[in-house]
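Asks: With the hints as extra help, turn the sequences into a complete structure.
Using full-length UniProt numbering, read the sequence shown as starting at 1 and increasing by one per residue.
Treat the hints with care, since some could be wrong.
DSS-like mimics (lysine-lysine), calculated; alpha carbons at most 27 Å apart, straight line [stated by the list, open to error]:
#1 Lys425 to Lys143
#2 Lys450 to Lys495
#3 Lys292 to Lys141
#4 Lys292 to Lys143
#5 Lys450 to Lys493
#6 Lys406 to Lys519
#7 Lys422 to Lys493
#8 Lys421 to Lys386
#9 Lys407 to Lys519
#10 Lys406 to Lys450
#11 Lys450 to Lys370
#12 Lys519 to Lys386
#13 Lys370 to Lys422
#14 Lys421 to Lys495
#15 Lys450 to Lys425
#16 Lys425 to Lys370
#17 Lys292 to Lys370
#18 Lys141 to Lys450
#19 Lys155 to Lys580
#20 Lys143 to Lys370
#21 Lys425 to Lys493
It should be emphasised that the hints constitute simulated quantities derived from the structure, not laboratory data.
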Amino acid sequence: MNSLQALSRLLYKLVLLLFIGYVAQAQVPGGKGGPLSGSKDRKSRTGSSILDDSTKQVYGPETSRFLLESDLLTNRDTTYTIDTLLENIHNYNFVNRYNNRYVDLGNLGTAIRPVFYAPPAQIGTYFGMNVYDLYALTPDKIKYYDTKSPYTYLKYVQGGLYQQLLNLGHSRNINSRWNIGFDFQRLTSGKQYGYTERSERQVDHYGVSAYTRWISSDSSYHILAHFSHQNHWVNEQGGILNNLGTDQSTLLDNFAENAVSQLVPAISGNPPTQMVRGNDYRNNWHIYHQYKFGNGFQVYHIFDRQTQRYDYYDNGNTYSEYASVRGAGNYFYPDVSPSDTAYRYYFSDDTTHDVMRYVVYENRIGLKGKYQGWDYRLYARRRDFKATYTGLYTTTNTEYNPVTYKKGETFLGAWGQYSFKKNIKLYAEAEFLLFRDYKLSGTFESPWFKVSYLSMLYSPTVVQQRMYSNHFRWSNDFSPVSVNQLSGQLTLKYKALTFEPSASISNLANYIYLDQDIKPQQSSAFQIFNVGASLNLHGKIFHTENQVVFTQTTNNINVIRMPQWFINSRWYAEGFLFRKALFMQIGIDAHYKSDYYANAYMPAIAQFYLQDEFLVKGYPVIDVFANARVGRVRLFVKMSHINQGLVFGNGYFTTPYYPGQRRTLGFGVLWPLFD
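Replies: What follows is the structure in structure tokens.
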């Protein structure tokens, strides 16, 4: 089927879905009318109780509201309406939905990393297995509802190249003060190359969370709790094999049909037997609760129990088999002892099955309230974790001896916010890990400008300090990483035009990275300069949103690889059609990053590392989209990478040897139900 046939069929399905949505909305009270403006920016006072489901009224986005844990923690008396806007609904890919500030392996659900350096959110020792964090249902993403009527939402995306995304959720009030609900996420994508059959999967993901919110009759006690789970499977490929020194343009020519994966491919069957797999498995129990005394003084407690496990299987690890694919002496994994060819591995030459497991218990107890205009928070935090490195290897192997690394950490912290007139606010935060880390930050925010300063000393991750596997082993005692960061932004508005220039400077020392040999190293001091600007114009019909960022490092320290130029641009038109029965957006997205030696990826330890051989060339990616809303139902159709083979070349690489997504056609529907 050619692209025109696919487009005509998709447009037919879109029209059919629009008709179904229009008919369905006619059955919902208040379903017809103008555009629903409910969004995350709309706010209301949080009442002292939650109405039960029997309350007689017209249900919709305004009657089903939610709050986030951060709102309750910082005493923001705020709730949010269900989002019914069209902005960004076509960007279902996790790279696009975060404004291209992340880089993956070219396919939905693959390992992903940030484009720019960002300090960690908290100090202390964390696991360091972060490449699948973006797909997880973490505590900051959980919405706690006051539904007033049973609320169900559905988001379904059918992308090209066997990409599918399903988000399903339900929430309802048990009584006037108690709400329960769940969220479910399903994500799959097919291999772009090196497959035994066209529908062979690369990513298979399940995520689920179950949550509850309860308020006492006098509103003095409030509890939020949830359990979340993630099971994320990736059939690893290692990128495109290039053992003949072929140039990038030739590698990209018809790579779907011609390319061979660097790792041993699956064995044909029904279904195919996958030879190399990675699995990120997580469970998280989380509780936040607080008690407010009569004078407004509050105590709170946060509990977390998190389990994360990363399994890596390579059942095609026989070195003679890799030699037949890659050429003699050209192996995917580095030799354990390059000077002795008899030692290319630690435990086994025919199978790798490494398991890294991390369990942490965290408790935070604090006081909060108001004092002389300040909202304040004082707390103590305790973390106890254990990391284990094991695998499925014969116990007679004298090299195999599972390793355990455990530690406890105690923190003291304070946070404050002072509100001036006219939306002017001052934020300050201090946290200390006793005898080691610290974090000091301050932000002054107004409608016209924002200035922030951060000084931080943070510990290396567990993975940076310890590794014990079939192909990698190290034990380090690194110094904490030091960062001092100053940033500022101006906001200049004139009618429908908004211009926001920004700049930041980051001074880093003892930064930890994986070098070209995939070994942890610590850097000397260096600086990162970022200068950027955004220019947005929002008229009645035509809109444009543009962003550019320039980045430069100093002292010839090139341990954080970032593109020098980063550009986003969106142009679209929107308005009503069919006597205001349909509200629609039609537009174009474009993104560009300049040439840079992007980090390579090692799936055996799920880490990105430095490389100097593969230049990821600058390439503009252009998408076209149409978003529509009929009543409360929202739909989109999107052609990704429409310029492939037409202008600028045959394609691009996102990560060394990992090609970006080819031209694909996808569509999706977002459907909320309120009764």
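Asks: Confirm or reject each hint.
Replies: Structure-based check of all given hints:
For a cut-off of 27 Å, the pair hint linking lysine 425 to lysine 143 stands: about 25 Å separates their Cα positions. The straight-line distance between the Cα atoms of lysine 450 and lysine 495 is roughly 21 Å, inside the 27 Å bound, and the hint therefore holds. This hinted pair checks out: lysine 292 and lysine 141 have alpha carbons roughly 25 Å apart, not beyond 27 Å. Between lysine 292 and lysine 143 the alpha-carbon distance is near 22 Å, which keeps this suggested pair within the 27 Å criterion.
Proposed proximity of lysine 450 and lysine 493 is supported: the alpha carbons are some 15 Å apart, at most 27 Å. For the hint pairing lysine 406 with lysine 519, the CA-to-CA distance comes to about 22 Å; that is within 27 Å, so the pair holds. A hinted pair counts as satisfied when its Cα atoms are at most 27 Å apart, and lysine 422 with lysine 493 qualifies at roughly 16 Å. For a cut-off of 27 Å, the pair hint linking lysine 421 to lysine 386 is broken: about 48 Å separates their Cα positions.
Between lysine 407 and lysine 519, the direct Cα distance comes to roughly 23 Å. Compliance with the 27 Å bound is thereby established for this hinted pair. For the hint linking lysine 406 to lysine 450, the alpha-carbon distance of about 40 Å lies beyond 27 Å, and the restraint is violated. Of the pairs offered as hints, the one joining lysine 450 and lysine 370 holds, with about 24 Å between alpha carbons and a cut-off of 27 Å not exceeded. Distance hint between lysine 519 and lysine 386 is fulfilled; the C-alpha atoms sit about 22 Å from each other, no more than 27 Å.
A hinted pair counts as satisfied when its Cα atoms are at most 27 Å apart, and lysine 370 with lysine 422 qualifies at roughly 20 Å. Between lysine 421 and lysine 495 the CA atoms are separated by roughly 23 Å; this keeps the pair inside 27 Å, and the hint holds. Among the hinted pairs, lysine 450 with lysine 425 is consistent with the structure: their alpha-carbon atoms are about 10 Å apart, no more than 27 Å. For the suggested pair lysine 425 and lysine 370, the alpha carbons sit about 15 Å apart, so the restraint of at most 27 Å is met.
At roughly 12 Å between alpha-carbon atoms, lysine 292 and lysine 370 fall within 27 Å of each other, so this suggested pair holds. Under the criterion of a C-alpha separation no larger than 27 Å, the hint pairing lysine 141 with lysine 450 is consistent with the structure, at around 25 Å. Using a Cα cut-off of 27 Å, the hinted pair lysine 155 and lysine 580 holds, with the two alpha carbons roughly 24 Å apart. Note on lysine 143 and lysine 370: the hinted pairing holds, with a Cα-Cα distance of about 26 Å set against a maximum of 27 Å.
At most 27 Å may separate the alpha-carbon atoms for a hinted pair to count; lysine 425 and lysine 493 meet this at roughly 20 Å.
This entry does not satisfy hints 8 and 10, going by the numbered hints stated previously.
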